[in-house]
Structures are given as structure tokens and as C-alpha cells.
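Q: So you can see what is in the structure, the chains are spelled out below.
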Amino acid sequence: MAISPTETEQRSEVGVVIAGETTAAKSPMRLAVDRFRHDKLSMASFVVVALLVIGAILAPILVKLGVLDYSTLHQDLIDNTNGGLPTGAHGGISASHPLGVVPGTGWDVLSRVWLGVSFSLAICLCATVVSVVIGAVLGIMSGYSRGALDWVIGRLVDLTLSFPQTLMLLALSAPIIAFFNSSLHLHGNLANAVYIIVVLGLFGWPSVARLVRGQVLSIREREFIDAARSIGASNSRIYFREILPNVWAPLLVQTTLLLPSYVSAEAALSFLGVGVQAPLPTLGNVLADATTWILGDPLYFWIPAVMIVVIVVSLNLLGDGLRDALDPKSGR
Amino acid sequence: MFAYIVRRAVIGVALLIVMSLVTFILFFSGAFDPARNACGKVCSPAQIEQTSKALGYDKPILTQWGSFLAGIVVGRDYPLDKKVREENPDLVTHCAAPCLGYSMVNTDTVNNVLKSAIPISVSIALVAFVFWIIGGLLFGIIAAMTKGSFLDRGIVGLSLIFYAFPTFVVGSLLLRFVAIKWQIFALPVYVPLTQSPGLWFTNLILPAVTLALFYMAAYARMSRAFIIEASTEDYVRTAKAKGVKKVPLMFKHTLRAALTPLVTMAGLDLAILLGGAIITEDVFGFHGLGLLAVTSNSRQDLPTIVGIVLLLSTFVIIANIVVDILYAYIDPRVRLD
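Line by line, the protein sequences give chains L and X.
Mapping of the first sequence onto my numbering: residues 1 to 332, in sequence order.
Mapping of the second sequence onto my numbering: residues 1001 to 1337, in sequence order.
If we strip away everything but chain X, and leave its shape as in the complex, we get (with noise of 0.2 angstroms):
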């Protein structure tokens, strides 16, 4: 098990190591200098030079992709050289480990412009989360015990119509109808969870139902065909058999088995959707790591870019690793080697 960990963990560093290599490559070897970009529109020649050689974007890509690779590990200090470094002890900023960059758009570390972000990403990804599974099951659970019914035509029908909306189409409809028009909820701000709980849930419902339904639609046809699958095993058949009731059955036998394929997918749902729901966040206008990948796209703000797209790889092969290893804990079947 140990060893097991230990392996998917360097496979995870290594892909992690070349993902940051091909970032790389893509966004700034390409028709951009980031150092025009991260000067602004109204620079002189020698003041590009400057940032350029200030956050080192005149050295070749690779010197560059080794120093940020170092940066993850001690951290950086900016600007690069170190003697301007000396002689303007001022204007140094360090950015401590993991580093992932400067911004010149925000004139701060990536970090610190993350830091803002992602805890109203990760507000929005729990609490949709917690929406689209008990959705989701419930309604998968309802569809299949009642299989080939007016209520079951229903439950698939509707889902596959909520499947095929797109998110910013329902994020409008919610946004202008139930918000704008019946007033039936504020118009959401995210509010910090330490400073009122309360605010911070009814902020988020328009925003985690947004997100909730297209999951939910996609949750509900899943769990339905799983548990139709699982109840045709031998096994369910022998405790139908010996007498149990519906209820225990479907909750006791059934479910367990139709359960781990879902485990899988809602982990690796889960983790992608930590990383910013990126539609969602324009619509409604939270300002977590999706709006800001937006905002950084228009300013052209490369580092801050190349910093979520890391975040969120991160995040997507961490959730990859914790998957394997649940799916063993729920399935005695299967064995991690």
C-alpha cells in the first residue's frame, strides 16, 4: 500500500514536471513577449528591456523553465538579477516556496493573486458538490426502482435535457429570473465563510445549483444504468430470495456495487471543478481562479495563467491518486499493486 502511494507519487511529480515543461513551451515561446505584455501598452524599448531582464524572460526558455522549477522548491526573489536587487534594495519582493511567478499585470507575486481566488472556487465546487450528489442519487435511486415507469421516463428525460444546456445558458436564466426579476435571492457576492456562514450559503445556492444540475443530470442517468446493472447480480438475486424487503435491499446490497465506478468519477469531477468553474464565475461574477483565468486571458497576463493551469493539474492528479486508493477501500475486489 505504502510503496503503492510512494510510486503514483513520483509518477505524479514527474508528470506534473513535464506538464510545466509543454505550459511552458505554449505560452512563452509562442508570437507573445511576455515582456511587452507584462509592461503594458505605453513602454519604451528600454523599459521592455528591463522587465524583460528583470523577471528573466531574456534568458532561453529552458534556463527559464529550470528557474521556475527551482522557485517551486526555495522560492524566488524578484527582480531576477541580482544586482539591481542590491543597488534597489526597495523594490525587491520575495516569493517563497512554492513560487510560482511574478505578475507584472497584478505587480505582484502569483501566489499572493491566487491566494484571493481560491477559496471562493473551492467554496462554489463543495457546496455544488453536496447539491449534485444528493440530487443526483436521489433521483438516479428513484429512477431505478421504479424502472420503466411514467416517473423513471421522467427523471431521464428531464436529465437528458438539463445535460444538454449549456452552463451559462442556466447561469443566465437563474441570474435574471430568480435574482434580477422575482428577487427571490440577492444578487450573489461571495461572502467570506469566517466572517457570516449564513451569507455565505445563500450567496453561493444560484451559483452551486448553476453548476449542481448539469452533474446532477449527468449523476442521476449514471447512478440509474449502475444500479439497474447491479441488481441483475447473482447475489442481489439470493438476498431477494431469502425475503429482503425492497428498501434494505436496494440501500444494503445494491447500492454498494453500483456505488465505486461513481467514486471515481464524482473524486475526479470534484477535483477539476476545485479548480475554478470558470463559466459559472463569469456569469455570476465571483472572482475565484475560473474568472480569473478569464481576466488574466484579456490582459494577457501569462504567469498568472501558467500558475492556475499548474494549481489545477495539481489538483487533478492528486484527486487521481486519492481516487485509486478509496476505490480500493470501497471495492474488497480490487487490489493496488
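So here's chain L without its partners, still in its complex pose (with noise of 0.2 angstroms):
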């Protein structure tokens, strides 16, 4: 980022004369998002992911009005001669099926790629908010409280830090789906997605945690803090009235970094047969299932492999350019 028109926002924060016009004082905010918007990089990010997202709003609905269409078998575009692969070049593109058919069953590779992208980002956001949920409650506690809460807190950091993620992640699935099963009466894709939000987000939120509570070390000694407390406030509503709305920007920063970890760990679990099973399709599975065709059919490999490229680098861009703007001091 450029030193020079940082400079002169800050200077006319506090309407300094620049080239002669006086300009009207910014709010921080403001100069956020001035921030944020002199970064091509960050700006070219964040039209990516606005296009995300709309496409994964756009996909059920789509999915509900016939135009997507992702597990009508089409046996007849599939060549059993030929080990499953689709008849025609390039992966069997048609006109009704754009960027082909998945080998062995026909199914249409953009709708579940489209599809697969929409309930990915569903599944990784909640999750998410699990994460930042946790994090930001018990950070927040913990370096409010400093005493034997916080102790506890951090042993509760170390102890799910020590397990081993992917492990966990992996042998917990048979038992927590079956409980899932017998108690909740959760069943099917709905368990399966219910287990990778739940587990993602319960081995996620120690590093919001950390984050916020380093955040709430410095906050807690300010004024307004002591205002509330001398008015009488309750610890809740100094948790959540005072504290949480000065936190909201490296929560911000870091709910758009974890939101691409999650999509990775959502593939690598599909790799390992946990989660969302076919013919449901999850950016993951789909991945999962074309990785078995990088020389058969190389198109349907590459579609989804540079799909989760494009979203994991552009939330990281998008996270990276955020916390730039939102905190000046952190340079690129």
C-alpha cells in the first residue's frame, strides 16, 4: 500500500489545508474504507467473493426451478467401454451440460460444482460463527475476568490445541454421527453436514480466543470501561455493551480468515470420507471424487481444483486487505 494518500488522510482527519481546500474531518471508519479501496488487490478480492456469494445464493434456487440439475443420471453420455469415461471430447460438453458430465454416472459437472461451491460456503460459515461465537464469548471473559476464569480459559486453549486436529476431526465422525443419529434424530447429509460444522467449529475458535483476549487486555483499563462499572453495569453488559463493539474488526478480519481454512478442511475431510455424502454435493466431495480422474478426464479434475483455489486465495486476499485497512499500523 502507498504511504502517501494515508498520510494525507490522517493529516486531513484533523482538517489540515491540502492543495489549498480545507476537508471535512473522517471518521475512522471512513478512512477504512478509503483505505480499503485505494488497494486494487483488495478491491479485485472482494468482487471475487461478492460473486461467491451470490452464486451460492443463487444456486438452490436455481437448483429449485430445474435450471441446475445435479443428480439426474445420464447413462447414455457415458462410454462403459471406455472405464466410465463420458462419450465426446473434453469431458463430454454439450450444450445442456457446459462444462461436461462427471465420468461413470453422467451426473452435470457445473451444477454440482455450482452447487457443491454454494453448500461448501454454507457449511464453512457456519461453522465459522461456531468459531468467532466461542472465541469472542470466552476471549472476551477471559481477559476481562484475569483471574482464575482466565486460567481456566487458557488451559481449555492448550488442552484443544494438543489434540491432533485431522485425527479428531476423522474418528470422531463415526461416533458423533451415530449419536447424532440415536439422540437428535439428525440423520443423512443433514448429521453428516451438522458433525463438520460442529467439530470445525469446536477445534477452531482457540486463535479467535487468543486474539480477543489480547484485544480486551488493553481495552479493560480504559475510562469507559471504569464508567460502567462505577454506574453499576453487569459483567454481561460490559461484555457485550462495552467491550464487543471494540473488538469487532479483528473478529471481522478473522472470521474472513478462517472461512477459507474451513473450506480446505471441509476437502480434505471429504478426501478422508467424512462429511457430505454424494449425490449431495459439497465443493469437497466433488473434488474429492475428480482427483480419481486427473488423467482420465483432466477437465473435470481442474474445474473444481481452481474453483477452491480462486476461494481460498480470495478470502485470504480479501482477510489480508481488510486488516490492513482496519488497522493502519499493520503493514503489507
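Read the hints as simulated data drawn from the structure, not as lab findings.
No residue lacks a Cβ here, since even glycine has one placed at the ideal position from N, Cα and C.
Each hint should be verified, as a subset may be incorrect.
[As the list claims (entries may be wrong)] Residues of chain L clear of chain X, computed beta-carbon distances all greater than 10 angstroms:
1) Phe163
2) Phe271
3) Asp327
[Claimed, not checked] Covered by chain L, per the in silico footprint, the following chain X stretches (three or more residues, Cβ under 8 angstroms):
4) 1162–1168
5) 1256–1264
6) 1273–1281
Take each chain as given, in its own frame, and dock them per the hints.
A: Right, dumping it as C-alpha cells:
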């Protein structure tokens, strides 16, 4: 990021005369938005993420309307004498299947990838919310109380971080999904999706809690906290009405950075056979299936592979851009 | 210093004890009947009861956990029932301390099951570690020294992309193209180091590169950021003003401050990987701890899974302590207390 516009803005904040005209004072929010808009990479990633979100919202609607069809078998488009590869060139591209069909089943690739991205983003967003909510609440409590509660939450963080994550996510799936089936009456792919949300969410909160705790340690010494305490505000009021509005910026950044890591984690778990199962698509299970066709049907492999890279890279860039914009001290 | 290590070790052991309890409750009180799983698909109720008794699954979970902890300290003898052992002395299996349990699926102690897998995981992790530290630091230094240039942007852009590629995709690509289509390497199979160091290394290249690419991408970006941050320090400017040349400035002054946070991360990442890279081992069919976890999971071999979880956690907890001590050595400003 260039240094000059930032400096100009900081001067203009106190209404200094620049180039012969007086600029109005700007709020910190306004300054952050300006900084963000000046960074081309951040704006580009913002546009890509916005398109992804719009696409993700549209996908289920298009499925309802019958435009996208992810589960109709097209055995007529599959050449079973050729190992199940699609008939026709380039993975069976045709007018009705613009990105070809899936080898072996003849499912429409475009529909599966599109809806898969939609489901993956939805599942991972829910998991991110679980992590951020737990992390924010425990982080605020830990940083504000400091005493015994801080110690307990600190050890809880140690405990969570000491578990081998991938292994736990893999090995817990059978017992926890069995528990969902018997006690909560969740079945099939709903249980699988809830499992991914719960375990990703429950193993991901420590980073959020540590970050928030660090921020709260300095916020709790500020005058407005003393003021709130002196008028007899309850702890929960101080946590959520006084402290929380002051940590939203790092929370937003953390949310944007957790989401892509969960998208990758969902894909990795799908490769291990955990999570939502076909015919329902997620980006992870489509990609896991596609990697078995790298040599046979390269187009079918590269579409979801490029898609996951685009999603993860654009969300990471957006997170970095937000951090730079909201915290001017963190230079890239 | 000594007091610090002792205190950390005590906390570490306490953490492990709590973890073993949590793991026990998660896996053994769940919807599964471990005796049923251990016994196999075709199993009469009498057999299930016998297995249950032999392995102690008929006892309450806290009792099971207690005897598990005792087994780690003094070892155990299977079957657990003393009367059965006296009646059938040829059936008795001794599990020496630290005993992690008995896997009915493998009809062997968990320790023996893990023993053959550990060297494979450690080999992959160590070779990958060397690749990623050398590659990550090299690219990080180059990018930081040419900050803003095309080279810098290229390195940052590529590292973002490699960071985003899932490990199983990179591994499958390397396996399919490099080993199968172009046949640059033979299909990787694990060869023990003691058998042939050359073959050990060449066979590890593909899995290690698969694993290293992800970390290399992360470390290149991190080391670049840390170096750029450290190069704004006053003492670096002073050194520059005194006429220190660019390369010695980087290696003697900037890098030392920039590396301290990386040591912490590298130590913890290595510890996690020592316990098995699940995806990489699965893709290449290397029977390390990671793949063992996958097969144990599909065979519902709970004692082996619990054993792996606790072994891996021990690695992580030890690494945490070692890294903190190392940190104090590298950075004289840090004091342990």
C-alpha cells in the first residue's frame, strides 16, 4: 500500500488545509473504507468474493427452478467400454452440459460444482460463526476477568490445541454421527453437515479467543469501562455492550481468514470420506471424486480444483486487505 | 531454568491425563460397544461377553481409564482377568510400560501396532521439514530483499496459490504425473533407512514434497513479512548507516530477529507432522501413523485410535516446552520465569 494517501488522510482527519482546500474530518470507519478502496488487490478480491456469495445464494434457487440438476444420471453420455469416461471430446461438453459430465455417472459437472460451492460455503460459514462466537465470548471473559477464569480458559485453549485435529475430526465422525442419529434424530447428510459444522467450530475457536483476549487486556483499562462499572453495569452488559463493539474489527478479519481454512478442511475431510456424501455435492466431495480422474478426464478434475484455489485465495486476500484497512499500523 | 522445565513438565503431564480422560469418554462411552467392534462381524453374545471381560470393557468407564493410566506406568497383562490368565497361560500377552492398550482387531498390543508405523511418519516429516525450511526461508529472503519487484510479487502470488491447493490434490497430481505418467520416480514405497539410505531418500521425495509445498508457501510469506518488519528496526538502520553490505546485513542483523517467531511455529508444525501426515500417507499408501489412523477408523479399532491420539498429543506438548526453551536461547530478551 502506498504511504502518501494514508498520510494525507490522517492529516485531513484534523481538517488541515491540503492543496488550498479544507477537507472535512473523516471518521475512522470512513478512513478504513478509503484505505480499502485504494488497494486494488483488496477490491479485486472483494468483487470475487461478492460474486461467489451471489452465486452461492442463487444455486439452491436455480436447483428449485430446474435450471441446475446435480443428481440425474445420464448413462447415455457415458462410454462404459472406455472405463466410464464420458462420450465426446473434453469430458462430454455439450449445450446441455456446458462443463461436461461426471465420468461413471453422467451427472452434470456445472450443477455439481456450483451447488457444491454453495453448500461448502454455507457449511463453512456456519462453522466459522460457531468458532467466532465461542472464541469471542471466552476471549472477552478471559481478558476481562484475568483471575481464575482466565487461567481455566487458558488451559482449555491448551487442551484444545493439543488434540491432533485432523485425526480427531476423522475418528470422532462415527461415534458423534451415531449420537446424532440416536439422540437428536438427525439423519443422513443433515447429520454429516451438522457434524462438520460442530467439530470444525469446536476445534477452531482458540485462535479467536487468544486474539480477542489480547485486545480486551488493553480495552479493560480504558475509562469507559471504569465508567460502566461505576454505574453498576452487570458483567454481561460490560462484555457485550461495552467491550464487544470495540473488538469487532479483529473479529471480522479473523472470520474472513477462518472461512477459507475451513473450506480447505472440508475438502480434506471429504477426501477421507467424512462429511456430506454424494449425490449431494460439496466442493470437497466433488474435488475428492475428481482427483481419481486426473489423467482420464482432466477437465473434470481442474474445474473444482481451480474453484477451490480461487475461493481460498480470494478470501485470504480479502482478510489481509481488511486487516490492512482496519489497522493502518500493520503494513504488508 | 530447571525449575521452569520441571513446572512445565508437571503441567504437561497434567494436561495429558486430562486429555486421556476426555479421549476415553469421547470414544468409549459413545454409541459403540467396543467389545462388539473388537470381536468382529460374526460374533455370538457369549463371545462378546468374553471379549468384553478380557479387555475390561464390562467395567465402568472411569475404572477402565484408571487401569489404562496404571498400565502406562507399570504395564499390563492381557486378558485382564487374572483367573483366565492362570487357566490359559498360553493366551497371555504382556504389554510392557508404557502400555497403551490392546487392539483386538490386530490381535496385538497397541504399542506393537504403533511401533512399525512411527519410523515411516518420522521419516516423511523430517525430510519434508528440511525441504520446507530451506525452500520457505530462501523464497522469503529473496522476496523480502527484492520487495515490490516482479520477483517478489511472483513469489507471494505463487505461495498464495500453493497454500490454497489441498494436500490431497497436490499429492495426487505428483503421484499421477511424476510417478505414473512421466515415470521420473518409481512408485514410492517406504524403504527403511537401515536397509538403504539412498532408496529411503528417493522414495520419500514425492510424499515429502507434497507435504512441504503447503508449509513452504506459508513459511515463505511469513518469513518475508517478519524480515520486512525486522528491517525497520533501529539497529538495522544503524548497521546500514555504518556501511554494512546488503547480504551480511540480512544474514547477520535482520534475519536473527526475524527468525525467532518462525522457530516457534516450525517446532510446533514439525511436532504435529511427526505424528503422521494423514492425507499424504493416505495418497501415497505409506503405512505411517496417519494411514494407520485411517484404517483403524474404518475398522473401528478404538484402542489404536486412542493410542495414536495420546501419542500425538504427547509430541505436541513436548514440542511446546522445547520451543519455549529454544526461544529463550535465541532471543536474549525473553526470560523464562
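Q: Each hint needs a verdict: does it hold in this structure or not?
A: Consistency of the hints with the structure:
no., hint, in the structure
1, Phe163, "6 angstroms, violated"
2, Phe271, "4 angstroms, violated"
3, Asp327, "14 angstroms, holds"
4, 1162–1168, "holds (count 6)"
5, 1256–1264, "violated (count 0)"
6, 1273–1281, "holds (count 4)"
Checked against the numbered hints above, the structure violates hints 1, 2, 5; every other hint is satisfied.
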